[in-house]
Amino acid sequence: MAIDSHTNNTGTALNKSVVTFDAPLNLACGVVLSEYELVFETYGALNSERTNSILICHALSGDHHAAGLDANGKIGWWDHYIGPGKAIDTNHFFVVCPNNIGSCFGSTGPSTTNLETGKPWGVDFPSLEVSDWVASQKQLMEHLEIDCWSAVIGGSLGGMQAMHWAVAHPQKLKHAVVIAASLKLSAQNIAFNEIARRAIESDINFKQGNFLDYQTSPTQGLALARMIGHMTYLSNDALGQKFGRLVRSGDLDGAEKELVEFEVSSYLNYQGDKFATRFDANSYILITKMLDYFDLAQDHQNNAVDAFKQAQCKFLVVAFSSDWRFSPSCSEEITDALVSADKDVSYLRIESNQGHDAFLLPNEHYEKGLGQYLQRVAQTLIGAQS
Amino acid sequence: MIDTNRIIGDWIEPQSRILDLGCGDGSLLQDLTVRHNIHGYGLEIDPASINQCIANGINVIQHDLNTGLANFADSSFDTVLMTQTLQVLRYPHLVLDEMLRIGQQCIVTFPNFGHWRTRGFLAVKGRMPVTKQLAYQWYDTPNIHFFTYKDFEALCAERGISIVNRTFIGGRASDLGLDKIWPNLFAHTAVYHLAK
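Residue numbers (my numbering), protein chains in the order written: chain C, 1 to 386; chain A, 387 to 582.
Wrong hints could be hidden among the right ones.
Ranges between beta-carbon positions, derived for each pair [as the list claims (entries may be wrong)]:
1) C:Q379 with A:K511: 34 to 40 Å
2) A:D483 with C:K74: 54 to 60 Å
3) A:Y525 with C:Q171: 20 to 26 Å
4) A:Y525 with C:Q188: 51 to 57 Å
5) C:Q188 with A:G454: 36 to 42 Å
6) C:A378 with A:N551: 28 to 34 Å
So these bits of chain C aren't anywhere near chain A, every CB distance computed over 12 Å [what the hints assert, rightly or not]:
7) F21
8) E258
9) L338
10) Y373
Calculated directly from the structure, the hints in this document are not laboratory data. Computed from a prediction, not measured in an experiment: that's the story for all the values here. Cβ coordinates follow ideal geometry from the N, Cα and C atoms, glycine included.
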């Protein structure tokens, strides 16, 4: 296991590690991964009882770098919420965030080498489900000699993992924090994912997913997929406030209107292009399908209440008012099922105009609610010690 | 308020499932949890109160009571509580019906507008009452319905709601027993135990 450790000016010290698992991982699709690697970061210190750990589950395009500054000076995707004195307080908790398999930031996935062929997996990487991510996270948990997470926390696809943990491994977590998630995707959500996949597959450089063999990448298709996704993660209000009809170049009053570039167009193109250089097209297809397949109640006769009856942990459910990809009604469905299953649950419907992305962004009510919930978790840890 | 907690505690079953509508900072649920080991959930709309509940370890669900309670199944709670909230709701009578649908029994408390102080305020000063229990000006009050316990009982009769029990709280008037003799004059708070 390689460890790369450093502190940084966001105040959050991070340890980056890579672990290789040679115990086979039986995937939901029937394929067995005989060996795989997970890259993960940790923040804070594990207590001597090994009871203060929190698992962070990333979403579609996330990675292991959740907090602090990495070796390249890049800030973590959830740095606002993870660190000393922050909502997920590393003074109290040992926080673990892996990059999940099938993704493309160092853990085994379509862009890493298939040991059997000596070539990148590419399109042959097996199909994954949320349960596979949870199974690999459980192996990581065992590797770290943690018997029970204090909390499993995730937004969007991360929230789906937190729910799956609660139902599939009830003894292995005390709290599940499910943010901007859903019991299963709606038709509209699946449709947006399908448009994104079609955009990638339509790129001439996609080569039926074998683009790595041709030393190319479907960057145009991937950029387009991201642009579509990105727009659905924001709200009309937030875009209006940020860009309105501001013009970056050209003149709307002039003769040559075709030269006009709106600020929002420039922003969106930039976001798409930036994403296309850092993300793997096969990973994008694979993970959007994971989202589509997820259905918490599937193995419980489509009854979410029955599914949640398996859980032993307490829940915090959070939604954002302007999120239309995973709207508050999705989180309310989760909450209602938990109440019907007689589980401890609190639900926050945060006022925000930031859309689905709100779960990543600063917001006072969200920060306080999450912080106070976890502070109470930390207090019970201290209580258990004394 | 402590009086109310004690009365409510007497009317609920230990270890029962309780829903508190407009639970505020969750102190009633916390008290009932500590003293009667109930399993409770509170509904609340105010973010600051919700955070208080979370800090106190109380299950709290952010919910606007004026949007209804259709998400709760019939008879899914042993008791549905509502303290000092009826007067702020858009349609109190519909919420009462919903409470009785969701709960086996209900407990409701509300400020009695027939109290002599409020009557006196209006009669003598000719102004809308501002008292300790109703501490708002007419223009900024969240209390949009004013009613006496007699009004409430008339509503119960009209809607076929049976009153299992009732009690009145009257501050210093209680010491003299006046709130028991003339509740509509001397009770500032009414506490009702209701069933279908």
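We went through each hint and held it up to the structure:
1. Roughly 49 Å separates the CB atoms of C:Q379 and A:K511, a value that falls outside the hinted 34 to 40 Å.
2. The hinted window of 54 to 60 Å between A:D483 and C:K74 holds, with their beta carbons roughly 56 Å apart.
3. Evaluation of the 20 to 26 Å hint for A:Y525 and C:Q171 yields a failure: the beta carbon distance comes to about 56 Å.
4. Hint check: A:Y525 to C:Q188, Cβ distance near 43 Å, so the stated range 51 to 57 Å is violated.
5. Checked against the given bound of 36 to 42 Å, the beta carbons of C:Q188 and A:G454, roughly 25 Å apart, lie outside it.
6. With their beta carbons about 42 Å apart, C:A378 and A:N551 fall outside the hinted range of 28 to 34 Å.
7. C:F21, annotated as away from the interface, keeps every beta carbon of chain A farther than 12 Å; the closest lies near 37 Å.
8. Its beta-carbon lying about 48 Å from the closest one in chain A, C:E258 satisfies the requirement of being farther than 12 Å from that chain.
9. At the 12 Å boundary, the C-beta of C:L338 falls inside the reach of chain A, the nearest C-beta of that chain being 9 Å off.
10. With a least beta-carbon separation of about 5 Å from chain A, C:Y373 fails to lie farther than 12 Å from that chain, contradicting its non-interface assignment.
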